[in-house]
Amino acid sequence: MQSSDFHFKKFVRETKFCPFCETNEASTPPEIFAIRKAGVSPPGPGWSVRVVPNSAPRLRIEGELRARAEGFHDLMNGVGAHEIIAETPRHDRSLHELEIHEISDVIRAYIARRVDLKGDRRMRYVLIFKNHGQEAGSHTISHSISHLMALPVTPRTVKTKLITARDYFAVKERCIYCDVLQQERKDGKRLIAENEDFVTIAPFASRFPFEMTVFPKAHNSAFSCMSPGQVENLAKILREVLQRLNHTLGGPPYNLLLQDRPFLRNRAGYWNTIEEDFHWHVEILPQIARITGFEWASGFFYNPVPPELAARCLSCEVGVKQVAAM
Amino acid sequence: MDDSFAGNAGIPRDPLILSTNARVAGVALGEKGISSQRYVDNAFLLCNHVKKHETSEESMSQMRKDVFTGRWVVMAETTTGAVLGFSFQEIR
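Those protein sequences? They're chains A and B, same order as listed.
Mapping of the first sequence onto my numbering: position 271 corresponds to residue 271, and the numbering continues sequentially without gaps.
Throughout, my numbering is defined as the position within the second sequence, counted from one, plus 1000.
Think of the hints as simulated: they come from the structure by calculation, not from any bench.
The beta-carbon is built from N, C-alpha and C at its ideal position, and this holds for glycine as well.
Do not take every clue at face value.
[To be verified] In the DSS-like style, the derived pairs of lysine-lysine whose C-alpha atoms are separated by at most 25 Å in a straight line are:
1) A/K118 x B/K1065
2) A/K118 x A/K159
3) B/K1065 x A/K217
4) B/K1065 x A/K189
5) A/K159 x A/K189
[Claimed, not checked] Partial list, computed: chain B residues near chain A (C-beta under 8 Å):
6) M1060
7) K1065
8) V1067
9) V1074
10) M1075
Working from the sequences, and respecting the hints, build out all of it.
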């Protein structure tokens, strides 16, 4: 590992006018969904989470897909949904600084929007992700927000995971994620945090330094099928591991990605064991190392921090100073 | 002959390069009618030393395959405190 392996700017919150702050509701496109205090009506203040269409969407909800060929190439119109989830009415707090009930509200908003978009037959997959800090892709917004994108195709990254899980299940009749989790919990080398319903590990083949994955302990293929208790426990573990990340590295940029199953539609060639073979999870990817020509050329990643070491730091087993002295 | 076999100075630390060089050097010297066995022996001794002390499994980088995606990751060596400590302190 070399000192040049790490490169990031500490998260700095800008204080200029922000359309996602409470009382600035009129500055965003019309609200799609919000969680408000009882007796408070939209569209004004009094909300804890608020969902609005992205004012500069990458995909638009209007129109038909018109999937077609152009010679050898496949083509379709850029139809989809691109929504912004304001996680808090306050500009001065990040996700890891919110209370448990506030993070639970954010998760409830994710679920509500996913359930609603399932009704749109054009959509196959809902991506939910968060860009925290400039190196993670948040160039202009420092308010704590998440992105939701409904897509007319299942992303290749997700499809690769789905196919691997399907093939494993076909041979072993078990979920590959459940098997890996059982091994990781038994082994403990990469275990970072655990509560009643969730476990966080540093993946064996972590792509990024201090990468974490949060899994539900009980088998579950769909994020939206969580009980209220599980929502609260997910909020607890997310807060805990994000606080540890922040404490360990001093405010690093990161991406948070939900890896969920696609909408189950009756389609030719689609398998019917997804509910049994896939296991949803959340990936947290700190963006503190450079992506270079090696990664682009090979599709490999280079990680200067082995996950066993990252887990020791993030699990508070050893402090950074102790690691430095090892 | 590669100068690296003349003594400790300049000897490559990569055991693969070392062992390959030793074999090549041995053949080359043999062709010239010079007994190369001494050089080859020394090189392999060094090679084993490097393998044992500097490239043991604990300190080598690893290529790890992600079981869910098949993606390969090159993982840095689990290496010495001095370098590691510097990096951690720097990012703090």
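Results for each hint:
1. A/K118 x B/K1065: Outside the cut-off at roughly 34 Å; violated.
2. A/K118 x A/K159: Answer holds: A/K118 to A/K159 is near 18 Å, not above 25 Å.
3. B/K1065 x A/K217: 23 Å, holds
4. B/K1065 x A/K189: Judged against 25 Å, a Cα distance of about 17 Å means the pair holds.
5. A/K159 x A/K189: Distance ~29 Å between A/K159 and A/K189 Cα, so the pair is violated.
6. M1060: Since the shortest Cβ distance to chain A is 11 Å, the answer is violated.
7. K1065: 6 Å, holds
8. V1067: 6 Å, holds
9. V1074: 5 Å, holds
10. M1075: Where the cut-off is 8 Å and the nearest Cβ of chain A is about 5 Å from B/M1075, the hint holds.
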